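Q: Sequence:
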Amino acid sequence: MAGDAKGFKVWNVQMQEIPSDAKGEDGTAESGQKSVASVSVECLQCGETWTATEGGAEKSLTNVFGGIVISCPNCNQTDGVQRPDFQ
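Letter 65 of the sequence shown, counting from 1, is numbered 65 in the UniProt record's numbering, and no numbers are missing.
No lab work stands behind these hints, which were simulated from the structure alone.
Errors might be hidden in some of the hints.
[As the list claims (entries may be wrong)] Straight-line C-alpha distance at most 25 Å; calculated DSS-like pairs for lysine-lysine:
1. Lys-59 / Lys-9
2. Lys-9 / Lys-34
3. Lys-59 / Lys-6
4. Lys-59 / Lys-34
[As the list claims (entries may be wrong)] Distance windows between CB atoms, simulated:
5. Asp-4 / Ser-35: 17 to 23 Å
6. Gly-56 / Asp-4: 24 to 30 Å
7. Ala-37 / Lys-9: 24 to 30 Å
8. Pro-19 / Gly-47: 24 to 30 Å
9. Glu-17 / Cys-46: 22 to 28 Å
Note that the coordinates shown come from a computational prediction; the quantities given were computed from them, not determined experimentally.
In this text, a Cβ means the ideal position worked out from N, Cα and C, and glycines have one as well.
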């Protein structure tokens with residue numbers, strides 16, 4: 001498996017709510033946004049598997065609009081993965 005394949009396989013995505021202070025036109029709070037808190041990951045380049053968490057040092061993920069950015073702690077491949085609710 002090592003070598004040719006690029007990217008990541010992800011599963012077991014755990015979402016978290018981000019509270020919003022924004023108010024709609026009617027004065028009620030808008031619905032909170034969601035971000036990925038943790039995800040199980042397999043690197044398709046080197047075969048490493050781990051659980052990536054937001055702010056988790058070398059096994060961390062970064063939330064970006066519509067997805068996450070993950071870096072493999074073994075081979076240092078970095079790639080973006082689209083969030084399941086944006087597919």
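Q: Tell me, in ascending order, the numbers of any earlier hints that this structure violates.
A: Failing hints, ascending: 5, 7, 8 and 9.
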